[in-house]
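Since chain C is already given, all that's left is putting chains Z and Y on it; use the hints.
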Amino acid sequence: MARLDAAVSLFWVLLGIALCWSSKELGLSDPSGPGSGLFPFLAGLLVLAGGVGLLVRHVVTGGQPVPGEEIAAQFWEAPGAPFRTAMLIIVVAGMIIAVPWLGFALAGVIGLPILFRVIAPEKSWMAAIVTGVIAAGSMHLLFAVALGTPLPRGPLGF
Amino acid sequence: MDTIGGLLAGFEVILTWQNIQFIFIGSVIGTLIGVLPGIGPLAALSLLLPATVALPPVGAIAMLCAIFYGSMYGGSITSVLVNIPGEAASVVTCLDGHAMAKQGRAGAALGMAALGSFIAGTLGIIVLCLAAPMLGAFAIRMGPPEYAALMLLGLACTILMIQGSALKGAIMIGLGAWLAAIGMDIVTGEFRFTAGSVDLSAGIELLAVVIGLFGVSEILLNVEQSARGMAVKAKLSAVWPTRADWKASFAPILRGSGLGFAIGLLPGGGPVTASFLSYAVERRVGKNPETFGKGRIEGVAGPEAANNAAVSSGMIPLLSLGIPGNAVTALLMGALIINGVQPGPTMMADRADVFWGVIASLYIGNVFLLVLNLPLVGLWVQLLRVPYAVLFPAILLLALVGTYSANRNLFDLWVMLGFGVVGWFLRKLGYELAPLVLAFVLAPLLEQSLRQSMVMSPDGAMIFLQRPLAAVMIAAAVGMLLLVAFKRKTTTLVGGTA
Amino acid sequence: MTITRRGLIAGSAALPFAGAAMAQETHPARAALNAIKPAGYPREPIEMVVVYPAGGGMDITGRVVQRFFERVTGERSFVNNRTGGAGLVGHTWLATQAPHDGHAIGIIANLVISDAARSQGRWQVSDLDHIAHLNAEPLNLMVNADGPFKTGGLRGLLEAARARPGTIRVANVVGGYYEYLIEQLEQASGSRFLKVPFQGGGPGITALLGNNVDLAFGFFAEVRGHMQGNRLLPVAVTGRQSTPFLPETPTVNSIIGRNDANWGVSRWIAVPKAVPADRKAWLAAAFRAAVADPALVEEFRNLGALPDPALDTPEKLNAAVAQMAEAERAYLVASGRATR
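Respectively, the protein sequence lines represent chains C, Z and Y.
The opening residue of the first sequence carries number 1 in our numbering; numbering runs sequentially from there.
The opening residue of the second sequence carries number 159 in our numbering; numbering runs sequentially from there.
The opening residue of the third sequence carries number 657 in our numbering; numbering runs sequentially from there.
Treat the hints with caution; some may be incorrect.
To give an idea of the chain Y side of the interface with chain Z (calculated C-beta under 7 angstroms), a few residues [to be verified]:
1) A710
2) G711
3) V745
4) V830
For the record, the hints were derived by calculation from the structure and aren't laboratory data.
Beta carbons are placed, not taken as given, at the ideal position from N, Cα and C, and that holds for glycine.
With the rest of the complex left out, here is chain C (with noise of 0.2 angstroms):
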C-alpha cells in the first residue's frame, strides 16, 4: 500500500504541474484584479504541494500514516473483491449506457439482479429477478407516476 500511496502522490504532483500550467494560460491576472485563471491556479498549487510533502514524507517516514489517517492494509482485502468491484462497476455503467434507450425501469429491471447476484450468490436467481421488479417498479411508481419527472422512455412505454 505504501508503494501505491506514494504512487497516488507522484500523480498529484503531476496533475498539479498540469493544472497550473493551464491556468497560467487563461492568465492570472487582468487590469481590473485577479484572471481567469488565478484561482484554479492556486488549487493546482494547492494540489503540487500536497503531492510533493507526501512524496517527501514517503521518503523520510517510509509511508508511516499519521494518527487519523486510515490506510487500508492492502488493496484488496476480502477474497473475489476485485471481481465483486469490477462487476459493480460494470453493471451501473451498463444501466447508463441502456437508460437512452430502454428507460430507467427496464434497465433496473435487468440490471438490479445482477447486482443482487454478485452481492450475494449464495441467493437464487429468483429471489434476485423478484427483487429487482419490485425495486425498479417502486421507484418508477414514485419518480414517473407520482412526482411526474419526465424521464427517458423504453420500448415498452414505460
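Showing chains Z and Y alone in chain C's frame:
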C-alpha cells in the same frame, strides 16, 4: 404588538383543514426526499412546482417550504444507517452518525438529529418572526468584500475538519476548488477546463459529486468487502438518546442553531455550508477532538440543528425583501410569483395573509416533522435488517434516477459513477472526502466575491480594510489558520515520539 | 395511521393532475385547431424546454404559456428545465439533439442569439424554426432610492461619471445585453464605469439595494416590488419608446442620443427545423390562439411583459429574429468584438 397580532392572524389563515393537509403532505414528501439518496429538495421542488399552480397561494408555499425543511429532517436517516447522505447537507452527519450506528446507537443518533432539527427549526422561526425586517436589512448591506471575507473564514474552518493527514486534506481542498472552477467564468464569460464539451460548460453538478463520492463509493467499499460480513448488523438496543446524550448535545444544538441561522441569512449561504461549519466548530470546542468521527453525538446534533436553522433564516431575505439567497429559495420566489404574490419589501403589508400564513406554517410543519420522525426512528432502524443485496442495488437505482432528474442530463450519471470510483479508491488510501465537498461549495463563492470586490475597489485590496466587518472576519480566518498550524505542530511533535 | 396513508396517497396522486383538470373546459379556439391537427400527434405529453432554472423569469413565463397551451389544445405538456452554461446546454440540446417529431419544443428568448455565437459553430439560430412570438420587455435602469444618484436621473449619473471617471459602479452580466448597454453609456459619458460582474440580473439588483453598486438593470418583475417599497428608482428604460409600465421614465435612447439602445428580452416558441410542416403549423396556431387569449395577456402584464401584435405569423417572427441577430452582429462589429 403587531408581530403577535400578525402571527395570530397567520395561524388563522393556515389553520384550515385544507392547509393543514398541504403542510402534512409537504412534510411527508420532504422526509421521503431527504431519505432517498440522489434526489434533493431542489429537484423535488421543481418537479412539484407546476402542481402548486392549482392550489391557493398560502397552501402551495406552505407545502413547498415543508418539503424543503422536511428534507433536512430526512437527510440524516441514511447518513446514520448506511453511511450514505440523503442529501448534501447531511454529508457530515455520516461521520459520527454512522460511527454511532456501528456501536448500536443508531436510534440515539436519529432521535437526537430529529430533536436537534426541531429545536433549531423552532428557534429559527421565533427569531424570524421577531426580527425579519431588521435582519433582512442587515443581510442586504453585506457586499462582495464581506462575502469574500466570510468564505475565507469558511475555508479556514475546512482545515479544522481534517482528521488525518493535513497534506492529503490540502490536496482534497485544491481538487474541490479546481473541480468547481470547471465551466463558465462569470467575470469574463470564458469557459475554463471544458475541453470544448457542452456538458462540462455547465460545470459539474454538486449532487452528482456528493452521491458519487459518498453514496456510490460507500456501496463499492461494502460490496467489495461483503465476505467479511456486515459491520452494522450489531445490536439495536438503545433507541432513545440517554441523559448523557442530552447533556452532550444541548450546547451543540444551540451553537448549531445560531451558526446555521447566521449562515442561512446570507445570500449564497445555505444548509450545506451551515452543517459543515457547525461540525468544524464542534470539533474545535469539544473535549477530546480526536474522538470525533468515532461516534460523538455532538457531531450529529450540531450539524443537524445548523442545517434546519439555515432553512428557517433563508426565508428571511425572501419574505422580507424578495431576495432569494440560494437556488431553493429562488424557486420558492418563483412559486410566489406564479401564484400572483409579488415578493418584496411590501409583501408584509400587501399580502399579510401570505407572509404570516407561511411563517405560521413553519411552526406547524416542524411539529408535524417531529411527530412523524420520532416514532419512526424505531422503524427506520429496522432498515438495517434489510439485506445489503436488496438495499444496495435499490439505492444505486434511486441514485441514478434522482441524479438524472436534477438536470435531465445523462452526463451527470457518468459524473456520479466516476466520482464513486475515485472516492472509493481515495478512501482506501486514507483521503477524507468532506473537505473536497466543502471546497467545491465555497471556492466559487470566494472567487466570485473576491473578484467582484477587486473590480469594485478603486484602490485594490484596501477595500477589505476599509469595510470593518470584512476586516474582522479576515482577521478571524488568519487567526484560526495560525492556531491550527501551531496546534498541528505541537501534536505532530508529540505524536512523533509515540 | 390509516388517515395518514389515505392522505398521502390522495395528495400525491392528485398533484400532478391538478393542471390537467383545468384544461377540461373547452376553449373557443379548440375546434379550429382540431381541424388542422395532424393525425397521431401528439402521441405523448409535449416537452417544453426552458433553458434557465425553475422559478426564474423565463421559467415563470414558460409555465404560464404551458398552462394556456393545455387550456387551448386540451393536450398534455410539461415544462422541462434543461439548465447549465447560462443557457448553452439547453439551447444546444434543442438545436442538435431534440427529437424531430414535435414532442420537444423550446420556450426561448433572444439570448439564443449570443449562445449560438458561443457554441463555436456547433449550431446556428437558423437551425431552429421560430414559430410563435410570446412577449417582449425592455430593461429597466435602476438606482437606489437612498443612494447618491436618487436625484438627477441618468443624465446626472452620466455627468458624475464624466467628472469622476472609473468610480461609478454598475452591475454587469458578461457577454450579453447588460455589457452592451454599459458600453453605450460609457460612450455617451466619455468615461469608464466600474463594471462589477454578477451571475445574473437578480444578484445585481440585490447589490444595488445594499448600495454596493450605483446602477443596475433589471426586468420589471425583478424590480417592481422594490419600487413599490420605495427602495429603488427607475432612471431610464431601453427600447424605442417608453414602456407602458413606467410611462414617466425616459428611454436611454432619448438621453444619450442614439437609436440602438434597444436591448431587452423577446420570448418565443422555437422547434427544430426538421419537425414536419403540419405539426409546426398546428403548434404555431395553438400558441397564437393562446397568446390571443386576454387572460394570458393579463398574466403577461402582471409579469411586466407585453405581446407584440405585429409578430403574428411564423414568417414575420423568423424575419424579426433574423433582424435581431443582425442588429446584435452589427453592434459586435461596431464595438470591435467581431470582424464580420
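Proposed interface contact between G711(Y) and chain Z, which counts if any beta carbon pair is under 7 angstroms: Holds, because the Cβ-Cβ distance from G711(Y) to chain Z comes to roughly 3 angstroms (cut-off 7 angstroms).
Does V830(Y) pass the interface check with chain Z, least Cβ-Cβ distance below 7 angstroms? Because about 4 angstroms separates V830(Y) from the closest Cβ in chain Z, which is inside the 7 angstroms limit, the hint holds.
Does the closest beta carbon of chain Z sit nearer than 7 angstroms to the beta carbon of A710(Y)? 4 angstroms, holds
Hinted contact V745(Y) with chain Z - closest CB pair below 7 angstroms: 5 angstroms, holds
The structure meets every hint from the earlier list without exception.
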